[in-house]
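Chemist: Now for the letters of each chain:
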Amino acid sequence: QKEVEQNSGPLSVPEGAIASLNCTYSDRVSQSFFWYRQYSGKSPELIMSIYSNGDKEDGRFTAQLNKASQYVSLLIRDSQPSDSATYLCAVFMFSGGYNKLIFGAGTRLAVHP
Amino acid sequence: DAGVIQSPRHEVTEMGQEVTLRCKPISGHDYLFWYRQTMMRGLELLIYFNNNVPIDDSGMPEDRFSAKMPNASFSTLKIQPSEPRDSAVYFCASSQQGAGDIQYFGAGTRLSVL
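Residue numbers (my numbering), protein chains in the order written: chain A, 1 to 113; chain B, 114 to 227.
Just so you know, the hints here were simulated from the structure itself, not pulled from any lab data. Keep in mind that a hint or two might mislead.
Said to hold, decoys possible - In the DSS-like style, the derived pairs of lysine-lysine whose C-alpha atoms are separated by at most 25 Å in a straight line are: (1) B/Lys181 x B/Lys137; (2) B/Lys181 x B/Lys191; (3) B/Lys191 x A/Lys67; (4) A/Lys67 x A/Lys2; (5) A/Lys56 x A/Lys67; (6) B/Lys137 x A/Lys56.
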């Protein structure tokens with residue numbers, strides 16, 4: 001089992017729709033969770049961080065965390081073509097003897113006009 | 114602040130040559146991270162430093178890879194000798210308060226080993 005799992009996609013949504021990106025993780029005691037966006041050929045940039053169960057909203061983005069289910073998601077409302085990118089879920093967890101940020105493989109999102 | 118600065122942006126070299134990648138973290142950030150990204154393996158942590166001291170180098174693939182941080186504003190990742198399977202994008206990132214804090218990434222170095 002991978003430590004952080006995401007569907008690779010592509011997830012294709014029409015412009016204006018809600019895009020839902022999901023991530024599961026293996027370490028039950030993880031406390032810090034991040035969503036990064038990465039455009040093709042560019043570096044990852046932080047979209048959201050979340051530390052407590054429940055929802056956290058920032059503009060069109062909502063992160064949802066359920067520690068009991070070891071599940072974190074990102075909702076993008078009113079999706080725009082400019083949201084087309086790969087979204088990386090990252091979890092701060094104990095791995096290989098150290099606490100570190102582990103990235104999922106990413107979900108590619110395509111928003112079509 | 115200018116953000117995390119990496120150089121060079123692109124590097125093309127021949128197998129067996131030494132490659133040195135450079136990174137300047139954001140001023141005031143005590144943690145520096147080196148990652149490698151490939152299609153097959155995704156984004157992998159190679160090593161990270163806290164206050165210029167290496168903390169976790171368990172991700173360094175083999176002895177051909179080495180990293181140093183001589184001062185708070187400069188780090189290098191060296192590959193010697195380089196091999197075609199080292200071809201990847203190498204990112205440097207920094208954070209202010211810990212390995213679990215928000216990490217800010219540099220633009221990356223795209224390495225091609227022929």
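Chemist: Now tell me, hint by hint, if it's right for this structure.
Modeler: Okay, the hints, checked on the actual structure:
no.	hint	result
1	B/Lys181 x B/Lys137	holds (12 Å)
2	B/Lys181 x B/Lys191	holds (8 Å)
3	B/Lys191 x A/Lys67	violated (39 Å)
4	A/Lys67 x A/Lys2	holds (17 Å)
5	A/Lys56 x A/Lys67	holds (14 Å)
6	B/Lys137 x A/Lys56	violated (32 Å)
In this structure, the earlier hints numbered 3, 6 are contradicted, and the remaining ones agree with it.
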